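Residue numbers (the working numbering), protein chains in the order written: chain A, 1 to 248; chain B, 249 to 550.
No wet-lab data here; the hints were simulated from the structure. The reader is advised that the hints may include incorrect statements.
[What the hints assert, rightly or not] Cβ pair distances, simulated, as ranges:
#1 D269/B with L137/A: 27 to 35 Å
#2 K13/A with A368/B: 37 to 45 Å
#3 Y60/A with R425/B: 40 to 48 Å
#4 T62/A with K380/B: 46 to 54 Å
[Claimed, not checked] Reference excerpt, derived from the structure (chain B facing chain A, CB under 8 Å, subset only):
#5 D286
#6 F352
#7 G383
#8 G410
#9 A413
#10 G430
#11 M440
#12 G444
#13 Q453
#14 I495
#15 H496
#16 F499
#17 F501
#18 N539
#19 E541
#20 M548
Here the structure is a predicted model, which is why all the values come from computation and not from measurement. Using N, Cα and C, we set each Cβ at its ideal position, and we do this for glycine too.
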Amino acid sequence: MYKPEAENIIIVKDLVKKFGSFVANDHLSFEVKKGEIFGFLGANGAGKTTAIKILCGLSYPTSGHLMVGGFDIYREREKIKRNIGYMSQKFSLYDDLTVFENIRFYAGIYGLRRNVIEERSRDLMEKLDMKDARDKLIRDIPLGWKQKMAFSVAIIHNPKIVFLDEPTGGVDPVTRRQFWDMIFEASHEGITVFVTTHYMDEAEYCDRVSIMVDGKIAALDTPEKLKKDYGAGSMNEVFLKLARVKVN
Amino acid sequence: MSAIQVEHISKNFAHAKALDDISFNVSKGELFGFIGPDGAGKTTLFRILTTLLLPDTGKALVNGLDVVKDYRKIRQDIGYMPGKFSLYSDLSVEENLNFYATVFGTTVSENYDLIRDIYAQIEPFKKRKAGKLSGGMKQKLALSCALIHKPSVLILDEPTTGVDAVSRLEFWDMLKRLKNSGITILVATPYMDEAGLCDQVALIQDGKLMTISSPSEVIKTYPWKLYSVKSDDIFRMLNDLRMFPGIHSVFAFGQAAHISFKNEGIEENAIHRYLENKGHTGILVSPAVANIEDCFMELMIK
Chain A
1 MYKPEAENII
11 IVKDLVKKFG
21 SFVANDHLSF
31 EVKKGEIFGF
41 LGANGAGKTT
51 AIKILCGLSY
61 PTSGHLMVGG
71 FDIYREREKI
81 KRNIGYMSQK
91 FSLYDDLTVF
101 ENIRFYAGIY
111 GLRRNVIEER
121 SRDLMEKLDM
131 KDARDKLIRD
141 IPLGWKQKMA
151 FSVAIIHNPK
161 IVFLDEPTGG
171 VDPVTRRQFW
181 DMIFEASHEG
191 ITVFVTTHYM
201 DEAEYCDRVS
211 IMVDGKIAAL
221 DTPEKLKKDY
231 GAGSMNEVFL
241 KLARVKVN
Chain B
249 MSAIQVEHIS
259 KNFAHAKALD
269 DISFNVSKGE
279 LFGFIGPDGA
289 GKTTLFRILT
299 TLLLPDTGKA
309 LVNGLDVVKD
319 YRKIRQDIGY
329 MPGKFSLYSD
339 LSVEENLNFY
349 ATVFGTTVSE
359 NYDLIRDIYA
369 QIEPFKKRKA
379 GKLSGGMKQK
389 LALSCALIHK
399 PSVLILDEPT
409 TGVDAVSRLE
419 FWDMLKRLKN
429 SGITILVATP
439 YMDEAGLCDQ
449 VALIQDGKLM
459 TISSPSEVIK
469 TYPWKLYSVK
479 SDDIFRMLND
489 LRMFPGIHSV
499 FAFGQAAHIS
509 FKNEGIEENA
519 IHRYLENKGH
529 TGILVSPAVA
539 NIEDCFMELM
549 IK
């Protein structure tokens, strides 16, 4: 839920990231509110991944002031990493470990205690209706299950923010929606969701959406407002109007 | 004669049934779309048609030639763009194109007309190594290479996966132009919104064809009464609607939900009242026309 009065869980001010002479992020400034679903859109090569890596504490900006979950991006990267979850299209689950082993591994990395891990994985198996799959290798379970697993594992330590980088590529439309049910639920429980996608209908599930073009934020607002401002019937049209100028 | 004729093809792998009794025809000059998620069997089917994999049972003909017996001739006739980028990363754009032309015993200049529109967009980068190209440029180079021997049938396996909405639109414009030049095109995609751009679509899930028809026909076959519903709290609304007595399906579509009833008698104001009683605000209920995604999901849950 987007609440204007909620605290800023992510603050980005004048973020610049250069690779040699190439400017990947060109003075980005925005805030994300606690508990909202924030859509981070842009064409391929617009600079999304670069920005996400910085927000997750995996890469330093060239310049700019950034706070994530109340921590400074330059001085408190380890604290940031403890307080965020991350999931990408290339699921970070281990194919040759079982479902339970993957849960135990990730929960262990975040320092969860053994009895907590047992309990959470039991709840998780129940919630995902995967009890029979507990001891199956990840490589042997369907793509849709893997995806739900990957998301659940990304929030197993109850982070403040979860970053989802194109989480729904390639799955069937029913699974894609079940996945968004999980996102809505996480958001209702107060986890802030920062998500990128190429499915423009998914952009409409977000509380607010930013659209990056050539390293800059070209628009940022609620889907409703963006559609109104650009005289568009859907987010797809908004996106095409903004991003079309750039042809690669 | 059909450009592609497939009769009762099945294929099993050690742990999975990849294709289950698949039959269909593609007419000459048609743009035919295979729509389905990852793991549906699209790639397996395309590998059989491109003579890279043998079917367990069944028969497939490309331009009247058998994919098993006449595989050499078929390879001369078709252009194939695999789902995974498969050009040589350490060769330049130009070198890749020349390489493919040479392999097929032709030259780039001989068939340049066919690829002009597409190749012109990446020509400024022709000295760049293919591995250093952006996703959109790789896709254009792969398409140029698949076309350079002037194939009569073009087979494209998920050319637009992971590609942004703008590049996808441009790619489909290119396909339309190629179709107009007479090439038969078979294309696979997980994006339901691309179905409407095909002459014929086959919806595929778990190795089975669920339906084959023109996109407009597919939509006409949607069987239930469908409504679009909105409220201020979509998450709670979805959950509440699932509890609505007599409901058949509830699926999120952007900022609205599409809901269907088998019972024709349920009216808009009944839905409105139900949500109001659950404390919803900003409620909007209107009749909706099914799209391909509605149809796909209906076929999936059937």
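Checklist line | Hint check, failures only | finding: 4, 6, 10, 12, 14, 15, 18
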